[in-house]
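Student: Build out the structure end to end from the sequences listed, making use of the hints.
The listed protein sequences derive, respectively, from chains R and W.
Per full-length UniProt numbering, the first sequence starts with residue 1, numbered consecutively.
Per full-length UniProt numbering, the second sequence starts with residue 1, numbered consecutively.
Careful: at least some of the hints might be erroneous.
A pair holds if it fits inside one copy or across any two, identical chains being indistinguishable in the list.
Stated by the list, open to error - With a cut-off of at most 30 Å between alpha-carbon atoms, the simulated BS3-like pairs for lysine-lysine come out as follows:
#	residue 1	residue 2
1	Lys9	Lys223
2	Lys73	Lys89
3	Lys236	Lys89
4	Lys31	Lys236
5	Lys9	Lys236
6	Lys46	Lys174
7	Lys223	Lys170
Hints were generated in silico from the structure; no laboratory data involved.
There are 2 protein chains.
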Amino acid sequence: MLNVNVELKERFYPIHIGEGLLSNPNVYPLKAGDKIMVVTNPTVAKYYLTNLIATLQQIGCIVEQVLLPDGEKYKTIESLNLIFTALLKANYGRDATIIALGGGVIGDVAGFAASTYQRGIRFIQIPTTLLAQVDSSVGGKTAVNHELGKNMIGAFYQPCAVIIDTQTLKTLPKREVNAGLAEVIKYGAILDYSFFEWLEKHIDLLVALDQKHLQQCIAHCCKIKADVVARDETEKNERALLNLGHTFGHAIETHLGYGNWLHGEAVAAGSMMAAVLSKILGDLDDNDVARLEKLLARANLPTYSPDGMQPEDYLPYMMRDKKVLSGQLRLILLKSLGQAYIATETELPLVLEAIRCCTQTD
Amino acid sequence: MLNVNVELKERFYPIHIGEGLLSNPNVYPLKAGDKIMVVTNPTVAKYYLTNLIATLQQIGCIVEQVLLPDGEKYKTIESLNLIFTALLKANYGRDATIIALGGGVIGDVAGFAASTYQRGIRFIQIPTTLLAQVDSSVGGKTAVNHELGKNMIGAFYQPCAVIIDTQTLKTLPKREVNAGLAEVIKYGAILDYSFFEWLEKHIDLLVALDQKHLQQCIAHCCKIKADVVARDETEKNERALLNLGHTFGHAIETHLGYGNWLHGEAVAAGSMMAAVLSKILGDLDDNDVARLEKLLARANLPTYSPDGMQPEDYLPYMMRDKKVLSGQLRLILLKSLGQAYIATETELPLVLEAIRCCTQTD
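Tutor: Right, here's the structure in full:
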């Protein structure tokens, strides 16, 4: 088992990474009598809920469960309310604990519910997708979508523990594993050139779910993100770097309707747009862009804008991005592979040009 | 103008109290170009919105507004969503500021919206009811109701300033002024015997809206609450004392349906129940209970359970209270007038007996 500690100003929490942790009562910061609400969805429940409940009952916990409909389009205030209703019907008080068992959607909705139920209860995350394991389970961002924008309603709220059982990736659709690798590659591109090189060597093993390399990779990504978050919990500054490709990516997801492209797929294409824009600005060279494109392609990820989405289609969504300050677009761009920065004065024609370069014409 | 400073671990914010502050641009922590979303309701808007907008425009702010339907029954997730939609339609980003202009409902919903819109934006409160001025505007509790319980969904979130214009009380219905006095009396009863005596001397002037005494009284209550909140921001302990009468009161409000009794009226009756229970437990004497009852009555407040509500009717609501820990009812009771404590092991038959003593039989 690998462990990564997330150290924040007032709090501290551990991330445990290993095979079979779902069945290991020792990794749960719980005791007999604790009241647990497991939040999951039918897809994940089918594989892992029985196992988790057995472990919790072995500890002596009182366990209730609530299943949310599966998918990004259910990352809504209505799903949030299903959790509140379940908690209230169970007469759970401020001493209850929510466990999120699932991917990013479950983690985001359940975490937001934990942060707002009776103004905050305890929260444990068990991310079951690679994307959630390396990204959304670390750092305390919780949210639901609004019909006018993604992740617009939420809170910064930290779990008391994150438990990553890498066995869960074996039941994950390949397409979702690949989408998770988009975020993995992003870490290398923005902050860690030698990790980028490591990925160029081992990406095929990761695609093939080699457990040893997966665990190393997940631990390393968690460590990178934990360090960034510890330095900048509420995203005033450096944490924004983690959003490489996300402003473009959110535009893609919103334009297509949530769920048509996976988040990681949109981030992959968005990262390419950011890289091409960085090349236009003279920071990356052709070879850098080609290396990023090749690495994404080896993980079977899209490196182009979706068919039929025009460069101009991106702008309304991008201007509504949370990173917009005083009407000024803020993009994460690359000085070099392994070094990202926040660009605040990028001219819109150049942004459109970069998107155009990533638009397939046939 | 009187000023009270609320000092919290990481933050600090001022409360300004005076006549005509709504029109004084110097008390707003804002500058030209700031984007403001004023959240209010039609009743308050009629009297004060034009005035506020003129002041904000004098500063040079960009101002948008959203009107929520008036009343406790609209303190819902749906109202919250009206604010999110208005913010998104205005393309407001993380640098926007919400101003809550209104009573406790507006403050609670707008504050919760501010805490969760894009994971947190700035928030200024302009409370226009006495209740909101002495209670809900101080301390950062924000919330909406759930159909299964009051204030069940919310966050601890501090405003960057609170501006109390005591002129606004002149347009407030008398019944609501009185309801505010229930919370004022509560401060004396739980923490400040000499303030309780001051109220016994001056309650009639307060009922008559004497501006000088009102400002003194509001400043004193804010000071008491600010001190408590500074010592215990997230209600682990001492802050719970502020809930004298609230567990009984919430049961009354929920049972009757929100809005039939005003919150302050329910708190007044609830405070009497807590006092009678304290007498049953041997801490207060008959004279203490009579003094509290008389003070509440001089402010035209109810000191009895609503007609037709039986003692047993209280229990289901009380057991769902946020202060319940591990299934154990936690009540705020009085050791003496001016000294409250948290009672964790009160036997239910005694609780029922106290409610029965406050039930009118005719």
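Student: Are the hints correct? Go through all of them and say.
Tutor: Hint check results:
In this assembly of identical chains, the alpha carbons of Lys9 and Lys223 lie at most 30 Å apart whether taken from the same copy (17 Å) or from different copies (28 Å). Within a single copy, Lys73 and Lys89 get their C-alpha atoms as close as 25 Å, and across copies as close as 20 Å, so both meet the 30 Å cut-off. Taking the closest pair of Cα atoms, Lys236 and Lys89 come within 30 Å of each other only across two copies (24 Å); inside a single copy the shortest separation is 38 Å, beyond that limit. Taking CA atoms no more than 30 Å apart as the test, Lys31 paired with Lys236 passes between copies only; the shortest distance there is 20 Å, against 36 Å inside one copy.
When the C-alpha separation of Lys9 and Lys236 is checked against a cutoff of 30 Å, the pair qualifies both within a copy, at 15 Å, and between copies, at 19 Å. When the C-alpha separation of Lys46 and Lys174 is checked against a cutoff of 30 Å, the pair qualifies only within one copy, where the shortest distance is 18 Å, while the shortest distance between copies is 59 Å. When the C-alpha separation of Lys223 and Lys170 is checked against a cutoff of 30 Å, the pair qualifies only within one copy, where the shortest distance is 23 Å, while the shortest distance between copies is 58 Å.
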